[in-house]
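Asks: Sequence:
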Amino acid sequence: MPADVLKMAKNDDDGDGDIGVKLETRQKTKRPPMYKVMILNDDYTPMEFVVHVLERFFGMSHAQSFELMLTVHKKGLAVVGVYSHEIAETKVALVMDFAARHEHPLQCTMEKE
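In our numbering, the protein residues as written are 1 to 113.
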């Protein structure tokens, strides 16, 4: 074992000569940064399509999706979920691809929380 891990207690005040274990503090693992996924309002994407996207990609009920769609419509954007970077990035890509395939200009973005 390395000398810095085990040390002799030669200079102990009690003089018993015990061997001690050096205790090192371990750093706590940091939580990864989280990212907000947002849907942006536009004047062309049908409300029903936005509701469908929220149900399909964000696992919301119809009632939750409808309420959030109205928030997007009235306020210009809404946070639809908070995820790790990789999951947020995937959700944004899926929504953008789905909207493009259905020829809707719906925008979905992410930003660090």
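Simulated from the structure, these hints should not be mistaken for lab results.
Since the model is a prediction, treat every value here as computed from it, not as a measurement.
Any given hint could be a false lead.
Using 35 Å as the maximum straight-line C-alpha spacing, the simulated DSBU-like pairs for lysine-lysine come out as follows [said to hold, decoys possible]:
no., residue 1, residue 2
1, K22, K74
2, K28, K75
3, K30, K91
4, K28, K91
5, K22, K112
6, K112, K36
7, K36, K75
8, K28, K74
9, K91, K75
10, K30, K75
11, K91, K74
12, K112, K30
13, K75, K22
14, K22, K36
Asks: Does each hint fit the structure? Answer for all of them.
Replies: Hints and how they fare:
1. K22 x K74: Since the Cα atoms of K22 and K74 sit roughly 61 Å apart, the hinted pair is violated (cutoff 35 Å).
2. K28 x K75: The hint is violated at about 39 Å.
3. K30 x K91: Holds, at about 24 Å.
4. K28 x K91: Measuring from Cα to Cα gives roughly 29 Å; hence the hint holds.
5. K22 x K112: violated, 40 Å
6. K112 x K36: holds, 6 Å
7. K36 x K75: Given that 35 Å is the threshold and the Cα spacing comes to 16 Å, the pair holds.
8. K28 x K74: violated, 42 Å
9. K91 x K75: holds, 21 Å
10. K30 x K75: At roughly 34 Å apart (the allowed maximum being 35 Å), K75 and K30 satisfy the hint.
11. K91 x K74: holds, 23 Å
12. K112 x K30: Roughly 16 Å between the alpha carbons, so the hint for K112 and K30 holds.
13. K75 x K22: violated, 58 Å
14. K22 x K36: violated, 43 Å
Hints 1, 2, 5, 8, 13, 14, counting from the list given before, are not met by this structure.
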